[in-house]
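Trainee: For chain A, the structure is supplied; the task is to place chain B on it using the hints.
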Amino acid sequence: KNEVEQSPQNLTAQEGEFITINCSYSVGISALHWLQQHPGGGIVSLFMLSSGKKKHGRLIATINIQEKHSSLHITASHPRDSAVYICAVRSGTDKLIFGTGTRLQVFP
Amino acid sequence: GAVVSQHPSWVICKSGTSVKIECRSLDFQATTMFWYRQFPKQSLMLMATSNEGSKATYEQGVEKDKFLINHASLTLSTLTVTSAHPEDSSFYICSAAHRLAGKDEQFFGPGTRLTVL
Chain A
518 KNEVEQSPQN LTAQEGEFIT INCSYSVGIS ALHWLQQHPG GGIVSLFMLS
568 SGKKKHGRLI ATINIQEKHS SLHITASHPR DSAVYICAVR SGTDKLIFGT
618 GTRLQVFP
Chain B
4 GAVVSQHPSW VICKSGTSVK IECRSLDFQA TTMFWYRQFP KQSLMLMATS
54 NEGSKATYEQ GVEKDKFLIN HASLTLSTLT VTSAHPEDSS FYICSAAHRL
104 AGKDEQFFGP GTRLTVL
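Protein sequences, first through last, are from chains A and B. Per our numbering, residue 518 is the first one in the first sequence, and the count goes up by one each step. Per our numbering, residue 4 is the first one in the second sequence, and the count goes up by one each step.
Just so you know, the hints here were simulated from the structure itself, not pulled from any lab data. All C-beta atoms, glycine included, are put in the ideal place defined by N, C-alpha and C. Mixed in with the good hints, there may be bad ones.
Straight-line Cα separation of at most 16 Å, EDC-like style, residue types lysine to aspartate or glutamate; simulated pairs [unchecked claim]:
hint: 1; chain 1: A; residue 1: K585; chain 2: A; residue 2: E522
hint: 2; chain 1: B; residue 1: K106; chain 2: A; residue 2: D611
hint: 3; chain 1: A; residue 1: K570; chain 2: A; residue 2: E584
hint: 4; chain 1: A; residue 1: K612; chain 2: B; residue 2: D107
hint: 5; chain 1: A; residue 1: K612; chain 2: B; residue 2: E62
hint: 6; chain 1: A; residue 1: K612; chain 2: B; residue 2: E108
hint: 7; chain 1: B; residue 1: K17; chain 2: B; residue 2: D91
hint: 8; chain 1: B; residue 1: K58; chain 2: B; residue 2: D68
hint: 9; chain 1: B; residue 1: K17; chain 2: B; residue 2: E90
hint: 10; chain 1: B; residue 1: K69; chain 2: B; residue 2: E90
hint: 11; chain 1: B; residue 1: K69; chain 2: B; residue 2: D91
hint: 12; chain 1: B; residue 1: K67; chain 2: B; residue 2: D91
Only some residues are given here: those of chain B computed to face chain A with a beta carbon under 8 Å [what the hints assert, rightly or not]:
hint: 13; residue: L49
hint: 14; residue: I96
hint: 15; residue: A100
hint: 16; residue: E108
Next up, chain A with everything else stripped away, as it sits in the complex (with noise of 0.2 Å):
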């Protein structure tokens, strides 16, 4: 088993339509990232959690760190959020470990 879960793996949605992906961690952690990884490669980081909840224009990062777990919600969605959502943990060092990603396609 993955000390990072993420779900779905794959996700199509319709323009404008709210988007959740999931992650669930089984380690201790200090930090959890979401990154998004576009087709040409390159990665942006979105959001760096330890608690609570974080928002950044149509994107939404919450953590529960008594249940292990992280939601990224997308409002009013858009072809151009289309993606791969990586999820990622810190645990005791620097070093991050990541989830499998979640493939993301909106369509107009």
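Mentor: Using the frame of chain A, we list chain B on its own:
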């Protein structure tokens, strides 16, 4: 914001040659940089952790003599794939740790796609 660059963005080389990839933090100093490899449709896998002025720490299964890492300054780390073979073809990504508001955050480079013929 913190920006990390990589050069080159893609490279094609012949089997047996060596390839150097640079990772630079453009607007901050990074005492720690990380090198990752990503195969198609897979997640990132950490290869090594690079600290300025000291030897890199390699993950299990990563050959340190094949993947040479040099972190000569606080803004530059290099990864050299020596005697590259087709199985080394992959997407190589670096990240740099930057302390913001008392917390260390990693900023990722755009990646380098290596194809070995």
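Trainee: Looking back at the hints listed earlier, which ones does the structure fail to meet?
Mentor: none
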